[in-house]
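Undergrad: Hey, can you work out the whole structure from these sequences and the hints?
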Amino acid sequence: MLYHRQEGKKVACALCAHRCVLNEGQFGLCGVRQNIDGILYTHVYEEAIAAHIDPIEKKPFFHFLPGSKSLSIATIGCNFRCPFCQNWEISQTRLSDGKGGLR
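Here the working numbering is used: the first residue of the sequence shown is 105, the next is one more, and so on.
Careful: at least some of the hints might be erroneous.
As the list claims (entries may be wrong) - In silico EDC-like pairs for lysine to aspartate or glutamate, Cα to Cα no more than 16 Å straight-line:
hint, residue 1, residue 2
1, 114, 141
2, 113, 128
3, 114, 128
4, 162, 150
5, 173, 158
6, 113, 141
Derived from the structure by calculation, the hints contain no laboratory data.
TA: What follows is the structure, given as structure tokens:
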């Protein structure tokens, strides 16, 4: 189960280690999952904001199949707040910022 219903219309998200407990209408720390009427919804399903094909050597696992390609797909939102994130413009974007996906 990706979330658990709590008393009232609260939900407990189980998608990351933060285990956010959300009141009605509240968003999780990631900024993309929301409690709507006691059900946890994601607002980024099928909403990729970036998609790239790169050489595998560009990735942290560059010793895996040298010379091959890697497909990277991203949506907005992240549950980390890394101070030197190279993707902060995507990871820290919130739905209220009004940025759409690739569609």
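Undergrad: Work down the list of hints and note, for each, if the structure agrees.
TA: Quick rundown of the hints versus the structure:
Between residue 114 and residue 141 the alpha-carbon distance is near 9 Å, which keeps this suggested pair within the 16 Å criterion. About 6 Å separates the Cα atoms of residue 113 and residue 128, which keeps this hinted pair within 16 Å; it holds. Of the pairs offered as hints, the one joining residue 114 and residue 128 holds, with about 6 Å between alpha carbons and a cut-off of 16 Å not exceeded. For a cut-off of 16 Å, the pair hint linking residue 162 to residue 150 is broken: about 25 Å separates their Cα positions.
Among the hinted pairs, residue 173 with residue 158 is consistent with the structure: their alpha-carbon atoms are about 6 Å apart, no more than 16 Å. Between the alpha carbons of residue 113 and residue 141 the distance comes to roughly 6 Å, so the proposed pair stays at or under 16 Å and holds.
Hint compliance for this structure: hint 4 is the single one not met.
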